[in-house]
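Basically this note's numbering = 1-based index in the first sequence + 1.
If you are wondering where the hints come from, they were derived from the structure by calculation, not from laboratory data.
Some clues are possibly wrong.
[To be verified] Keeping only pairs whose Cα atoms sit at most 30 Å apart, straight-line, the calculated DSSO-like set for lysine-lysine is:
| no. | residue 1 | residue 2 |
| --- | --- | --- |
| 1 | LYS98 | LYS53 |
| 2 | LYS550 | LYS573 |
| 3 | LYS98 | LYS425 |
| 4 | LYS53 | LYS573 |
| 5 | LYS96 | LYS315 |
| 6 | LYS262 | LYS315 |
| 7 | LYS573 | LYS559 |
| 8 | LYS53 | LYS525 |
[Unchecked claim] FRET-style restraints, in silico, Cβ to Cβ:
| no. | residue 1 | residue 2 | range |
| --- | --- | --- | --- |
| 9 | HIS574 | ALA406 | 32 to 40 Å |
| 10 | ARG17 | ALA499 | 40 to 48 Å |
| 11 | ILE350 | ARG428 | 13 to 21 Å |
From the three backbone atoms N, C-alpha and C, an ideal C-beta is built for every residue, glycine too.
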Amino acid sequence: MRQSQAFIPTMREVPRDADVVSHQLLLRAGYIRQLSSGVYSYLPLAYRVLNKIMRIVQEEMDAIGGQAVLLPALQPQELWQATGRWDDYGPLMMKLKDRHERLFALGPTHEEVITALVRDEVKTYKRLPLILYQIQTKYRDEYRPRFGLLRGREFIMKDAYSFDRDEEGLDQSYWAMYHAYERIFQRLGLSFRAVEADSGAIGGSHNHEFMVLSSVGEDTIAYCSACDYAANVERCEVSPPKPDTVIRDDVLDAEELPPRKEVPTPGIRTVAEQARMLGLKEADIIKNVVVMADGEPVLVLIRGDHQMNEVKVKNVLGARQVEMASEEDIRRLFQTSPGFVGPIGITGIKIIADWAISTMRRASTGANRDDWHYIEVNPERDFKVDLYADLRVAMHGDRCPRCDAPLQFTQGIEVGHVFKLGSKYSRALGATYLDEEGIAREMIMGSYGIGISRVMQAAIEQSHDAEGIIWPMAIAPFEVHLIVASEQDEGQRSLGEALYAELRDSGWEVLYDDRSERAGVKFKDADLIGIPLRVVVGKDSAQGLFEIKVRKTGQTYKVSRNELEPLLRNLKHDVSALVADED
RNA sequence: CGGGAUUUAGCUCAGCUUGGUAGAGCGCUUGAUUUGGGAUCAAGAGGUCACAGGUUCAAAUCCUGUAAUCCCGACCA
């Protein structure tokens, strides 16, 4: 492509509304423009990158027997009500009405549509397994779009769905997909990690997220320093305490623990204030979190220095939805303000506690009376708990649930997710097949996503420098950036034209900077745009020498015209082998 | 949804306190001189100052409302 005619609006200034580097670079280098909050236009360079990502994804999907389809983005309300997700997704769905006042959603995902389709068309075991996939624009009315393409309201996603006869078949489809994802992200040139993720109420033992490691990631990953365990902290298990540290009724008396005492703590709001006022550590405080699980109040006890994990609470309770109780709810149930709630003397409300509570002695907790707390509180002696479980977020100092080595933590951008669905959707929508015996059975499904537009930005987040983007070869908009230093120099200009034709004839994707700009401008733009290999036709071209520069390493080579193409070929091979540095 | 901020030329911003003919840099157009890391000089084009209402002889500026965009938070009682 000739740059003199290309639509690549680069900018020198940093746009005001972008504050993560990858977002700034996409704007400055002329890849995207914002239309509305979380909604972007993809300009020619971006569209080329997206196409390369999509091509790789398609190849790997096809390689495991996936078949490409294109499903409607516009989906009627009834379909979503059949699975209960019209309400579950709630405000996250973009909704609209047609002229007859019928409600529709712009699809945030396509389980309903695909399941209904397969239900209507696939009736026999002979047609299973089946893997269908599509690459399509999705819509989610995010509570807070941010970071450019990383969390948009409109974005491009590859979603795939597998239909199998049974769990065994699903397992095969799942792992075929898992390995396809590994190949995809390798080919894309990303540094990534597959981590165990929350499977939620849907169940299923296998459920992995593919994370690009990056400090701007919205997810925290826990990984083991010794074995290959890695999990989203939402999911990361915390091992129960050693049995001998747990308080038991029968040993309590012998320990001669002081009796519990009520002390005034006027006006305190937080665990930190409570600890300071009482001269205790945060780890000596029992934090009381009131949640509403499908409308039922539950008191959750967490050690003061720990964080409650809402996902784990939801799973332990088997609830569809768990949310924090409102201040009014708390007052009604406990006759006190948030901050002074406690488990002592509470009846009729389910109490669950994190494992850590079971090892606490001489702790402090709320007295269910404004401005008062208890101290010298011991679990079991002073209150009973309905259930002890792993309810907190893993944190620094915790150990690997597999091998007990220390856990490490890092941030990640979720770019892919493979998910065993089981029969949730086939059951709700009646997707059954007849087996050899003529018996109707539910199809067993899996769901697999890749954020195509998010991958583009994640790649930049992972691979850039102070001057601009550094694309992995596999997804660069062009392979070679050919620059004529001085368009006014007739010799350089004609050599540039000749090289442009020559490189294209040998199959290279070339962006040819034939603009009549000063060399400095061209170099700055080239760094910003981030094409992996640069060929410069400059002063030395009169002596038959050309310069090749590798964007990533900054290495330059002076070569003759004959050596040029072979060296580019070698460099392309070398650069392709480089994987982005971890952030 | 709660809190905060912003909105003036294509971009980044000043002007507002103290009301009186709309500004700068970059970008864009034309010309000259330049020509290997975002050149210099000269001459230009370009704005319903987010929108609506109000106060005033007079509003970018003061008041009220609305909208858009961004940031922080929405589990830590």
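Going through the hints against the structure:
1. Distance hint between LYS98 and LYS53 is unfulfilled; the C-alpha atoms sit about 36 Å from each other, more than 30 Å.
2. With a C-alpha separation of about 12 Å, the suggested pair LYS550 and LYS573 falls inside the 30 Å cut-off, and the hint holds.
3. Proximity of LYS98 to LYS425 is assessed by CA-CA distance (about 28 Å); at most 30 Å being required, the pair is judged to hold.
4. The straight-line distance between the Cα atoms of LYS53 and LYS573 is roughly 16 Å, inside the 30 Å bound, and the hint therefore holds.
5. For the proposed pair LYS96 and LYS315, the alpha carbon gap of about 27 Å is at most 30 Å, so the pair holds.
6. Of the supplied pair hints, the one linking LYS262 and LYS315 is violated, its CA atoms being roughly 33 Å apart against a limit of 30 Å.
7. Of the pairs offered as hints, the one joining LYS573 and LYS559 holds, with about 16 Å between alpha carbons and a cut-off of 30 Å not exceeded.
8. A threshold of 30 Å between alpha carbons decides the hint, and for LYS53 with LYS525 the separation of about 25 Å falls inside it, so the pair holds.
9. Separated by about 38 Å at the C-beta atoms, HIS574 and ALA406 satisfy the suggested range of 32 to 40 Å.
10. The supplied range of 40 to 48 Å is met by ARG17 and ALA499, whose beta-carbon atoms lie about 43 Å from each other.
11. The hinted window of 13 to 21 Å between ILE350 and ARG428 is violated, with their beta carbons roughly 33 Å apart.
Of the numbered hints given earlier, the model fails hints 1, 6, 11; all others are met.
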